[in-house]
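Residue numbers (my numbering), protein chains in the order written: chain A, 1 to 111; chain B, 1001 to 1111.
Treat the hints as calculated values from the structure; they're not laboratory data. We treat Cβ as the ideally placed atom computed from N, Cα and C, and that holds for glycine. Among the clues, some could well be false.
Which stretches of chain B does chain A cover? Using the computed rule of at least three CB atoms under 8 Å from a CB of chain A, they are [stated by the list, open to error]:
#1 1019-1030
#2 1033-1040
#3 1049-1057
#4 1068-1079
#5 1100-1111
Far from chain B by the CB rule (all over 12 Å, computed), these chain A residues [stated by the list, open to error]:
#6 His13
#7 Pro33
#8 Tyr35
#9 Leu40
#10 Ala46
#11 Asp51
#12 Tyr56
#13 Glu71
#14 Asn73
#15 Arg80
#16 Arg84
Number of protein chains: 2
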Amino acid sequence: MLDVSDSDVLASHLQELRRGTVVMAALATLSRPTYGYALLESLSRAGFAVDGNTLYPLLRRLEKQGLLTSEWNTEESRPRKFYRVSPDGDALLASLLAEWQALHTSIEKLR
Amino acid sequence: MLDVSDSDVLASHLQELRRGTVVMAALATLSRPTYGYALLESLSRAGFAVDGNTLYPLLRRLEKQGLLTSEWNTEESRPRKFYRVSPDGDALLASLLAEWQALHTSIEKLR
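With the hints as constraints, model all of the structure from the sequences given.
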């Protein structure tokens, strides 16, 4: 079994496996306009362990890439920035889901 | 749709999604001793697009981490280094497959 000194190795490989799925999960969730913290909670409930230090820069990066749009909602007492997937983001999401399905099929063959 | 200037964005997100699966696929395939090029071919047949510039350094890294062992086969005219998963590698593979299954369940919920 993996000993204590190997737990970093285990963690880094698990982290690498999860990383690519966060973009897919965020794009899928943002079909409805959502602010950062609410998205964090939705992802956590869905089983995607991601913290704000990862998610918030990711949202800014996806917006810069034109995959998300954002809008400030100032109707409530505390203004919040709502993100929503763009048509380009929808196209990327479709590609990622198709790739995920292909990878899943490939992995099932190896098991 | 994503335009030409966005194709790098698409490629990088797809790449990130695939990256974490290569370790899992390599460990699963190396339950039988296999040399690098044969592994590359097996992975390719199984649908994991990976090139030698990625795979060979990865094999050395996994060996250094104690997840693979290697042995030279000098019986044939051309000596080849055969890799095989170690007990630690088997333990990691089990963890990765369990995580993959959990991620798959989470993603199915989002679709």
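Hint check:
no.: 1; hint: 1019-1030; verdict: holds (count 8)
no.: 2; hint: 1033-1040; verdict: violated (count 0)
no.: 3; hint: 1049-1057; verdict: violated (count 0)
no.: 4; hint: 1068-1079; verdict: violated (count 0)
no.: 5; hint: 1100-1111; verdict: holds (count 10)
no.: 6; hint: His13; verdict: violated (6 Å)
no.: 7; hint: Pro33; verdict: holds (16 Å)
no.: 8; hint: Tyr35; verdict: holds (18 Å)
no.: 9; hint: Leu40; verdict: holds (15 Å)
no.: 10; hint: Ala46; verdict: violated (5 Å)
no.: 11; hint: Asp51; verdict: holds (16 Å)
no.: 12; hint: Tyr56; verdict: holds (18 Å)
no.: 13; hint: Glu71; verdict: holds (22 Å)
no.: 14; hint: Asn73; verdict: holds (23 Å)
no.: 15; hint: Arg80; verdict: holds (22 Å)
no.: 16; hint: Arg84; verdict: holds (16 Å)
The earlier numbered hints that this structure contradicts are 2, 3, 4, 6, 10.
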